[in-house]
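Chains as they are written, first to last, in the working numbering: chain A, 26 to 430; chain B, 296 to 401.
FYI, nobody ran anything at the bench for these hints, they're computed from the structure.
Possibly wrong hints are sitting among the right ones.
As the list claims (entries may be wrong) - Listed next, with one range per pair, are the computed distances between beta-carbon atoms:
1. A:304 to B:308: 31 to 39 Å
2. A:69 to B:338: 46 to 54 Å
3. A:319 to B:358: 44 to 52 Å
4. B:360 to A:282: 23 to 31 Å
5. B:311 to A:183: 24 to 32 Å
All C-beta atoms in this analysis are idealised placements derived from N, C-alpha and C, irrespective of residue type, glycine included.
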Amino acid sequence: MAEPLPQHPDFLWRNPDPKPSYDVVIVGGGGHGLATAYYLAKNHGITNVAVLEKGWLAGGNMARNTTIIRSNYLWDESAAIYEHSLKLWEGWPEELEYDFLFSQRGVMNLAHTLQDVRESKRRVNANVLNGVDAEWLDPQQVKEVCPIVNIGDDIRYPVMGATFQPRGGIAKHDHVAWALARKADEMGVDLIQNCEVTGIDVVDGRVAGVRTNRGPIRAGKVALAGAGASSQLADMAGVRLPIQSHPLQALVSELFEPVHPTVVMSNHVHVYVSQAHKGELVMGAGVDPYVGYGQRGGFHVIEEQMSAAVELFPIFARAHLLRTWGGIVDVTPDASPIVSKTEVSNLYVNCGWGTGGFKGTPGAGFTYAHTIANDAPHRLNEPFALERFETGHLIDEHGAAAVAH
Amino acid sequence: MLLINCPFCGEREETEFTYGGQAHVPYPQDPAKLTDREWAEYVFYRENTRGIYAERWHHALGCRQWFNALRDTTTYEFSATYRAGEARPDLPVTNAVEPLNPEVTQ
């Protein structure tokens, strides 16, 4: 007799009730929180860990980004942490035993002005010196890599060339979160959903635990990974953060045959486009300018990026918009993340990834777990400390990072 | 698209304006006396309020005047706009504290 079909496929993780106490409580069950829990368990043997998520796992920016992965940042500190992140990405499908459709189809950053060309070539050279794969493409080579790009000179901002990182690409973001959640859960981490942190207890300058809508939880260490909500979380412990939370929108078209073989980003006319495995064109652009927690933005921002997309890709003119949505990105004054200790003992903060959080997921988790476990930063995130806003050692990726923030 | 009530021109569309961040950040009284931490606070640290926020806007494609506004950062609704130099209107400062996903929070 044939085996009966199971009633329901196995769940990827348990849904435990919170215990009264943990060695480490991570606040925020997005990509960064899950990756941090994964590396705490895997690299540091710390498994008495809870990840507290106010909604459902990976329902914030992890489900709202445009899934672009690259490491072609200008400055040494950024190139180091994002390149480490990219190397971890390359190992993750095997390590996490989960094919989350990581596709290294290359990332192209178009140049449309002489200044763009100069900055792009400078960035290519800086990348190569830092061991990041990067090359400069002239317009004809752009056309060879991505035949649907309009390289004609009869448009407002003609394509004058592009930087290209062949190892860049995309991945299916929700599957990445589930892969991490499954592994972290297997190693004993408690993933607790619908658990909103409402307070952080600090006793004599040292963190003692958190209060939640499911009761108080004592904690040896508390690690914030709340992205757009970081200011409110840190404020519960009396810590101020130099970040501003902005709406960032993205959108998809209906499904199409494969037409777009790579990822194309344009800072100048400002749109970035890839085609998901399923067939949707996935696009995004810049943040809405104001502080906003609404997870939505203005439609004129979408209209602008659509006009940019149609100018660059004339075949998109008949495509229909299927869905738009927004996330809340936490942006620092220098557009670089903060992965740092704080003035409160045993309270750590990972925030300020702005528009770069998804690609930085492995690097953030890896360095943040190290910082939490050792109460000292890893060499990769040492430059990304909060103190840099006092010492002046900023890592100014505004405009340098190949895309505006 | 936000509709913004410029105190000089009246209601205009958001695309006519640029954003200027937090309002009412005074220049330090005695800059030479500031510690590094205080300088960092002045230069880099701004409130990131979830709720009613006092902020600056510039009517860049209109009268080109700077002015201030009170806006709820969760609903994006303006409760007041007023000229630069005027005091912040005395409206109740209710910082929204409702959770982001109320439907799933117990």
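Evaluation of the provided hints:
1. A:304 to B:308: 31 to 39 Å: holds, 35 Å
2. A:69 to B:338: 46 to 54 Å: Hint violated: Cβ distance 36 Å, outside 46 to 54 Å.
3. A:319 to B:358: 44 to 52 Å: Violated: the Cβ-Cβ distance is about 28 Å, outside 44 to 52 Å.
4. B:360 to A:282: 23 to 31 Å: violated, 51 Å
5. B:311 to A:183: 24 to 32 Å: holds, 29 Å
Taken one by one, the earlier hints fail for this structure at numbers 2, 3 and 4, listed in ascending order.
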